[in-house]
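Q: Using the sequences plus the hints, can you model the full thing?
From first to last, the protein sequence lines stand for chains W and D.
Here the first sequence is numbered in the UniProt record's numbering, starting from 1 and rising by one per residue.
Here the second sequence is numbered in the UniProt record's numbering, starting from 1 and rising by one per residue.
Simulated from the structure, these hints should not be mistaken for lab results.
Just so you know, not all the hints are guaranteed correct.
Copies of the same chain look alike in the list, so a pair counts if it fits in one copy or across any two.
[What the hints assert, rightly or not] With a straight-line cut-off of 16 angstroms between C-alpha atoms, the simulated EDC-like cross-links for lysine to aspartate or glutamate are:
no.: 1; residue 1: 350; residue 2: 392
no.: 2; residue 1: 7; residue 2: 265
no.: 3; residue 1: 119; residue 2: 4
no.: 4; residue 1: 350; residue 2: 18
Predicted model, so just to flag it, every value in this text is computed and none were measured.
There are 2 protein chains.
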Amino acid sequence: MINEAYKAMLGGKSVIRELSEYATARGAEIGYENVLDYSLGNPSVPCPQRFTDAMTDLYATAEPVALHGYSPSLGIPSVREAIAESLNRRFGMDYTADHIFPTTGAAGALAHALRVVTKPGDEVITFAPYFPEYQPYVDGTGAHLTVVPADTENFQINFEAFEAAMNPTVAAVLINTPNNPSGAVYRAETLTRLAEFLRAKQAEYGHDIFLISDEPYREIVFDGGSQPYPSRFYDNTLSCYSYSKSLSLPGERIGYVAVNPRATDAELIVPMCGQVSRGTGHNCPSSSIQLGVAKVVDETSDLSVYETNMNLLYDALTRLGFEVVRPGGTFYIFPKALEDDANAFCMKAKDYDLILVPSDSFGVPGYFRMAYCIDTEKVERSIAALERFVHEVYGR
Amino acid sequence: MINEAYKAMLGGKSVIRELSEYATARGAEIGYENVLDYSLGNPSVPCPQRFTDAMTDLYATAEPVALHGYSPSLGIPSVREAIAESLNRRFGMDYTADHIFPTTGAAGALAHALRVVTKPGDEVITFAPYFPEYQPYVDGTGAHLTVVPADTENFQINFEAFEAAMNPTVAAVLINTPNNPSGAVYRAETLTRLAEFLRAKQAEYGHDIFLISDEPYREIVFDGGSQPYPSRFYDNTLSCYSYSKSLSLPGERIGYVAVNPRATDAELIVPMCGQVSRGTGHNCPSSSIQLGVAKVVDETSDLSVYETNMNLLYDALTRLGFEVVRPGGTFYIFPKALEDDANAFCMKAKDYDLILVPSDSFGVPGYFRMAYCIDTEKVERSIAALERFVHEVYGR
Chain W
1 MINEAYKAML
11 GGKSVIRELS
21 EYATARGAEI
31 GYENVLDYSL
41 GNPSVPCPQR
51 FTDAMTDLYA
61 TAEPVALHGY
71 SPSLGIPSVR
81 EAIAESLNRR
91 FGMDYTADHI
101 FPTTGAAGAL
111 AHALRVVTKP
121 GDEVITFAPY
131 FPEYQPYVDG
141 TGAHLTVVPA
151 DTENFQINFE
161 AFEAAMNPTV
171 AAVLINTPNN
181 PSGAVYRAET
191 LTRLAEFLRA
201 KQAEYGHDIF
211 LISDEPYREI
221 VFDGGSQPYP
231 SRFYDNTLSC
241 YSYSKSLSLP
251 GERIGYVAVN
261 PRATDAELIV
271 PMCGQVSRGT
281 GHNCPSSSIQ
291 LGVAKVVDET
301 SDLSVYETNM
311 NLLYDALTRL
321 GFEVVRPGGT
331 FYIFPKALED
341 DANAFCMKAK
351 DYDLILVPSD
361 SFGVPGYFRM
371 AYCIDTEKVE
381 RSIAALERFV
391 HEVYGR
Chain D
1 MINEAYKAML
11 GGKSVIRELS
21 EYATARGAEI
31 GYENVLDYSL
41 GNPSVPCPQR
51 FTDAMTDLYA
61 TAEPVALHGY
71 SPSLGIPSVR
81 EAIAESLNRR
91 FGMDYTADHI
101 FPTTGAAGAL
111 AHALRVVTKP
121 GDEVITFAPY
131 FPEYQPYVDG
141 TGAHLTVVPA
151 DTENFQINFE
161 AFEAAMNPTV
171 AAVLINTPNN
181 PSGAVYRAET
191 LTRLAEFLRA
201 KQAEYGHDIF
211 LISDEPYREI
221 VFDGGSQPYP
231 SRFYDNTLSC
241 YSYSKSLSLP
251 GERIGYVAVN
261 PRATDAELIV
271 PMCGQVSRGT
281 GHNCPSSSIQ
291 LGVAKVVDET
301 SDLSVYETNM
311 NLLYDALTRL
321 GFEVVRPGGT
331 FYIFPKALED
341 DANAFCMKAK
351 DYDLILVPSD
361 SFGVPGYFRM
371 AYCIDTEKVE
381 RSIAALERFV
391 HEVYGR
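A: Written out as structure tokens, the structure is:
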């Protein structure tokens, strides 16, 4: 019998996807180069040449039966070890291979992490603005997602609202830094305060509260800065990562869960992820891609274009009178719309072939997101269109 | 908070995996070539050279941003079309790309198919002997798996037991042909009778009953035969496939769900699979592997070794007095043990470095499985060991 719940979900189309489809259709009319498409967070830079070389070498020299053979259900040991060592070098952690569970990107990582540290009926807290797919990710586990209102001053954490929302049914807190859609990079002070608060609540409630840290933008940080590593601040942390952005491999679906060695039941969490996989049909990322990524585990694509684009857009938006928090990283910027109704604002922008995503689905009304993982030349053209748009529609 | 249900699952180790680990450990002592390891269904032949060539060509010529870019959430259209056309050519179906949902192997396909056509509390029927992972696959959806006792005469379907088990809460029937572990190939008469029975029950109960057909061994059929295509017999069929065996790519996690165009809500089922993915963290198989497989979609590895091995084993087992149904396909054979307790039988075989899997976890007591996806030379040596074993232990 057809499952009516999934059937009903067919109605609820993602705004981002709808706008992206509109951009593609509009591109067919006027040439896609003329659509100033800021809808999708799809990396615009190629993977490092060394990744391509590593894969070419594997195809030339590895035994096919080994290259394409079943990965052990917890991932290929040498790959897990390479990831652990890279994290230890970069963030002063002490992971072993046993703390690393390779997954199909951050979506796969979150699907496992959420299931391991919540049960149906539990509450998971996240902070607005947040990636809209967190809703189906959490729904899929049977837990309930609670969204804490945004700190619109600087898109760190609104601790007052967080403290009001916290209660004993909260099993996990889900953060995303650098943040999609705001571009905010949680500062060390934010993570310190978050960790102190969670430790106090663990003591008060007498149970663990896990921090699930979604980190696909970890390497895209501007002004020579870096993202403080959340797991350094709080023992009960599961770091969820994807190579989609850092290596520009979004279609390869490769990432991991990294379990803080000091977390409760740390030695059981990766084996438990293996049990989760049996129910969800996961069974590890591609074996060849695991082996290829392990060879370039400390590298990134040339990510500099994102900072170039951010600076161009931030300067233009500020000059045009937008209220906007300067992004510390990612390839997103999240300005306040020029009218209360962000949907109306973004609809009007379409007349200038500017494809902007209204903020409502990110849990904050009245803003819009621009995903500037596009060519700088197009960013420059879009600024001229933005000027015309705000001048002609809003008289600025 | 740690999920106690997944934690409790850690105790229940798979017998197959335990035996495989024993074989590896024993191999470290005496040399793996001396372990007559029939535990794991891991293809022993390489992928076709044309697959390696296709991948090498993609890495040499494709734009990395396209090769590794996000797959649309329902799969890459050209890949879906190539799969549809291949199935149409081979089985006289009339699939379009819209009926094909690429997945991470058959496990991913089953995870989606089961969720789309059942809801928590529904019943799913399968037939012994069956692949033990069906239990967690179905558990993960919230539905309940009912196992119909085996037809031990020829490992087709025990219709008497099936009719007794059928009831109105059954939302789906799960078959696996060619079958792991028996090697049975369901005959056209079996599929015809199955389809007629399901159609009658649909009419009687006034609701759909879907047939979920798990077909990873579809291309491994002996004696020049072929597997009748189950979807040809019954409209409400979701065919679940993996390229793990036919192309020897088990670690690449690539397969699909193919929805019979005449199924109820056929046009909705693939989009519903896309909704299922959002909750399970699936998000398509590797983009590059999708593109590579689409180029060799009608090919297989050289699978002839499996038939060679089957004939050697079948003849030897028969000669040694085992009751055994001759496999029509796969790389498994499923003889009756020489004592009632298959676990005891397989334990004793270990003294001869024969690694046999007892049948209890397949839902039939008193048998054992041999996965003969190993070198023929080792099969020949194993026959000598088998002779000594049955002579010395059972006096034959």
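Q: Next, verify each hint and record whether it holds.
A: How the hints compare with the structure:
no.: 1; hint: 350 with 392; in the structure: within (13 angstroms within a copy, 83 angstroms between copies)
no.: 2; hint: 7 with 265; in the structure: between (38 angstroms within a copy, 10 angstroms between copies)
no.: 3; hint: 119 with 4; in the structure: between (23 angstroms within a copy, 8 angstroms between copies)
no.: 4; hint: 350 with 18; in the structure: within (13 angstroms within a copy, 60 angstroms between copies)
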